[in-house]
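Colleague: Listed below, chain by chain, are the residues.
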Amino acid sequence: MLHILNEGNPSCEPYDGGFELTCDVCVVGLGTAGAIAAIAAAKRGQRVIGVDASSIPGGVGTSGCVWDYYYGAYGGLYCEINAEADRIVAEGRYIHSTKPGYKLSYSTPVKSLALERFFERYGVRTIYESNVTGVLCDGKRVVGVIIFDGGRFVSIGASVVIDGAEGAVCHLMGLPTLGGRKSDGKTARFSRTVGVMEYKRMHGAWAFNEDYANTTPSEAAAMTCRWASSHPCLAESYTDRTRLYAVGREIGLREVLCVSCERNFLFTDYLAGNCPENVIFYTFSPLDNANPDLWNEDEDFQDWQFLCGMHAYGVSMGVCPEMLIPRGMEGILLAGKHIGTGHTMTSTIRMRTDMEKCGEAAGVMAAMMCEHGCSGLTLSREHFDELRGILAESGCYDPDNDRGICDLNLPDDPMWKPVPLPKTAEELRETLGSEHPSLGLFAVRLGLFDADTLAGWLDADGLLRDNAAVALGMMGDRRALPVLREILAGEPVVHIYRSPHKYFFPWLETTELCNFTKAVCLVGRLGDADSLERLREIAAGDDKAAEWAKASIRKIEQKS
Amino acid sequence: MKHYHTILIGATALAYPIAVRLGGDCLTVEPGFSAGAEFSDAMRAEPVDTRALPPIAAALAAELKGRGILSEDGRLHILAVGGVLCGCWAKCGGTLLMGARATEIVQTGDGFAVTVFHPQTGFTTYSAARVIDTTVRDFMDYQPTFGLLLARDEWLTPFDDGDVYLQRGLFADEFVLRFRVPRGATIPEAQAIADRWLETHRERLGSAQAAGIALYMGQEFRLPVDMVRDGVRYLTSASHPDLMSAVKGGELVCL
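Heads up: the protein sequence lines correspond to chains A and B, in order.
Last residue of the first sequence: number 560 in the working numbering, and the count goes up by one each step with no gaps.
Last residue of the second sequence: number 255 in the working numbering, and the count goes up by one each step with no gaps.
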């Protein structure tokens with residue numbers, strides 16, 4: 001059967017046209033993850049055809065001008081491609097894009113040339129400037145795709161199809177997705193990047209744009225044009241110092257709708273400690289707050305980002321094979337941001353090294369599915385040790401990459417250093433009594449301490465009392481209310497935490513400890529009608545506290 | 001089936017003034033995510049003549065000059081042109097689809113049925129009284145060219161060696177090396193040709209290094225294309241010798 005979309009509606013019709021091309025693995029989307037998937041499968045001797053809508057491989061990491069590696073866990077096949085890129089740069093024909101003292105970066109021509117050399121080395125056949133327009137299935141098993149190459153339709157038969165196109169293949173089949181945030185379905189804002197020059201090195205300049213996933217095609221085009229003609233993509237004027245060196249042709253989507261997979265690992269699972277055990281690679285990243293209206297985000301993310309103040313910390317996520325397998329389907333794997341993680345957790349996969357690991361894992365899985373003649377689920381259940389062993393050889397799987405929580409302000413050598421959460425009441429008391437309560441608050445959020453311990457500190461002085469009230473309120477304990485109301489009655493007090501450590505990016509330098517705004521949030525969650533009058537006063541302002549107050553008023557009025 | 005009076009294929013430099021002239025009853029189908037890609041993304045930095053331009057082209061030239069993208073002697077900072085054209089498209093009225101491809105154009109009794117594929121919605125068929133294709137098609141006669149953006153601190157004398165020629169951009173260190181490549185070459189294949197040339201001709205370029213590659217193939221045509229085939233009018237933007245010629249062509253063409 002051929003699965004297509006007609007005016008947005010999934011449609012299914014009989015197909016008896018045969019295949020013009022055949023292969024073992026067809027990779028749709030040769031972006032950051034898909035390109036590595038194609039190489040990984042071909043390296044294991046599979047016949048691979050790769051298809052991409054763009055004119056070069058590498059996706060956002062090449063034609064999107066997102067050149068830098070900043071966070072992410074280390075190790076994997078991508079290191080071989082990057083070594084080739086290093087050789088190209090060393091030959092002196094291309095401008096460097098790695099700033100001294102910064103992490104790796106490869107410009108568009110360097111990385112695309114390196115990828116193409118690996119395609120050629122392992123015999124990956126590529127078809128560019130082509131879109132996948134239909135998916136061929138035998139029941140629940142994907143057996144191929146139809147693409148449009150700008151002039152005609154071409155059918156490609158494959159034992160395994162890898163969807164590296166941000167879920168485009170799954171979308172054509174109408175497979176369910178995990179959605180954006182609960183309040184309004186929005187996803188993280190996209191960016192459009194351009195290449196500029198600084199200190200004789202090229203680097204990408206970008207700005208946060210808008211939610212892309214919830215637009216119609218014409219709205220998306222209008223938005224694309226709007227942002228392509230705004231700073232930094234288009235300047236008011238150009239000089240030889242400010243001129244462009246590259247323009248990102250790909251839209252930099254931070255989040256796409258994740259496909260519902262055989263295993264979905266959501267942020268709520270992470271908080272509950274319900275983590276995969278059969279891990280094939282680890283990722284490392286902060287949870288990205290790309291949307292400015294945190295008061296509309298899911299509450300568990302509000303807890304992490306705002307109430308606990310964890311934006312300067314990164315987390316490791318373990319990915320298992322089932323997170324790459326669309327639920328109920330065979331013959332198809334995912335490679336990229338759209339694996340089974342969901343709105344909040346998806347930001348932990350988006351770093352370049354982790355996307356490349358995801359691609360490698362998908363490519364190896366696809367190759368092994370062909371070798372063993374089995375489904376992805378069977379591969380995971382019966383050949384897991386072999387799979388993990390192959391990924392361990394390249395460094396894609398490395399148990400040392402399970403870093404837990406790391407302070408991103410601490411210098412990394414070569415990876416960021418894990419920081420321990422408070423384990424005893426005394427350690428918690430010390431943390432909550434300081435201007436750096438984040439890890440203590442998060443330990444409470446994980447359920448490592450009981451409410452009575454915290455309630456005992458509500459009579460203490462200063463920050464210990466206030467932070468204990470925030471922690472209790474986050475647990476939903478109404479004993480926090482008297483202190484929270486007292487904080488609300490006062491003036492906003494903001495503590496600025498300046499990291500004493502070396503840092504790479506300015507947004508990690510400071511964090512605001514503002515229990516006033518936290519109290520605004522928490523009285524709403526606790527449904528405290530006695531705080532309504534004060535909240536309405538705060539809501540009359542024009543700052544973030546006002547927005548939080550409006551959200552809290554809505555919550556209290558809904559509860560009553 | 002939604003109806004438009006005109007469907008334009010390609011958000012090209014030539015299509016832009018046509019879209020302005022036609023206003024709201026016009027659908028433009030663009031396979032990429034930029035406007036004027038046949039010049040900007042192809043890095044076609046041919047100097048332009050801004051004398052005696054019609055109004056829409058003159059306004060575009062004025063904006064380009066005002067932003068320091070076009071010099072008085074007609075040289076372009078070509079990479080910035082796409083952003084300006086995107087801004088123009090955002091204001092011109094009509095409907096634009098990006099990342100979309102026209103997969104089938106069928107003549108009907110009173111016009112055309114055009115099927116468009118978009119990754120989000122799949123196939124949608126529109127009716128139109130007229131279809132104007134402003135993109136390059138395989139049946140056309142042209143020489144493909146591939147652009148490589150160079151940056152260099154010192155002057156490079158423009159040259160033309162037949163297969164390779166050097167164009168000067170607007171800024172002192174801005175040059176585009178253009179390669180005439182075989183028909184059917186992909187961008188990666190063209191990049192490989194360019195890379196091999198760079199390796200063997202370092203002495204020609206001195207300290208110049210490659211900053212970027214064209215993500216869109218350029219084309220050299222003998223004459224601007226204006227033809228009708230199977231009822232579709234082909235007004236090929238890239239067949240014009242330079243950016244402003246294409247815009248002027250779209251503004252002056254008799255519709």
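Warning: the hint list may mix true and false statements.
[Claimed, not checked] Short, incomplete list of chain A residues facing chain B, as computed with Cβ under 8 Å:
#, residue
1, Gly8
2, Cys12
3, Leu113
4, Tyr128
5, Thr177
6, Gly179
7, Glu219
8, Ala221
9, Arg226
10, Ala235
11, Tyr238
12, Arg249
13, Ile553
14, Lys555
Keep in mind the hints are simulated off the structure, nothing from the lab.
From the three backbone atoms N, C-alpha and C, an ideal C-beta is built for every residue, glycine too.
Colleague: Hints first: check each against the structure and report whether it holds.
Modeller: Verification of the supplied hints:
1. Taking 8 Å as the C-beta cut-off, the interface hint given for Gly8(A) holds, the closest approach to chain B being about 4 Å.
2. Violation of the interface hint for Cys12(A) is found here, the shortest Cβ-Cβ separation to chain B being roughly 12 Å, above the 8 Å cut-off.
3. With a least beta-carbon distance of about 6 Å to chain B, the hint placing Leu113(A) at the interface is held under the 8 Å criterion.
4. For Tyr128(A), the interface hint holds, since its Cβ comes within 8 Å of a Cβ in chain B; the closest pair sits about 5 Å apart.
5. At about 13 Å, the closest approach between the beta carbon of Thr177(A) and any beta carbon in chain B exceeds 8 Å, and the interface hint on this residue is violated.
6. Nearest Cβ of chain B to the Cβ of Gly179(A): about 16 Å, over the 8 Å cut. The hint is violated.
7. Here the hint on Glu219(A) is broken, as its CB sits about 10 Å from the closest CB of chain B, past 8 Å.
8. Interface hint at Ala221(A): satisfied, since its Cβ lies 4 Å from the closest Cβ of chain B, which is below the 8 Å cut-off.
9. Evaluation of the Arg226(A) hint against chain B yields a held restraint, the C-beta minimum of about 5 Å falling below 8 Å.
10. Look at Ala235(A): its Cβ gets to within about 7 Å of chain B, closer than 8 Å, so that hint holds up.
11. Given the 8 Å rule on beta carbons, the hint for Tyr238(A) holds: about 4 Å separates it from the nearest Cβ of chain B.
12. For the restraint placing Arg249(A) at the interface with chain B, the shortest Cβ-Cβ distance is roughly 5 Å, inside the 8 Å limit, so the hint holds.
13. Because the smallest distance between the Cβ of Ile553(A) and any Cβ of chain B comes to about 36 Å, over 8 Å, the interface hint for this residue is violated.
14. Interface restraint check for Lys555(A): the shortest CB-CB distance to chain B comes to about 34 Å, outside 8 Å, so the restraint is violated.
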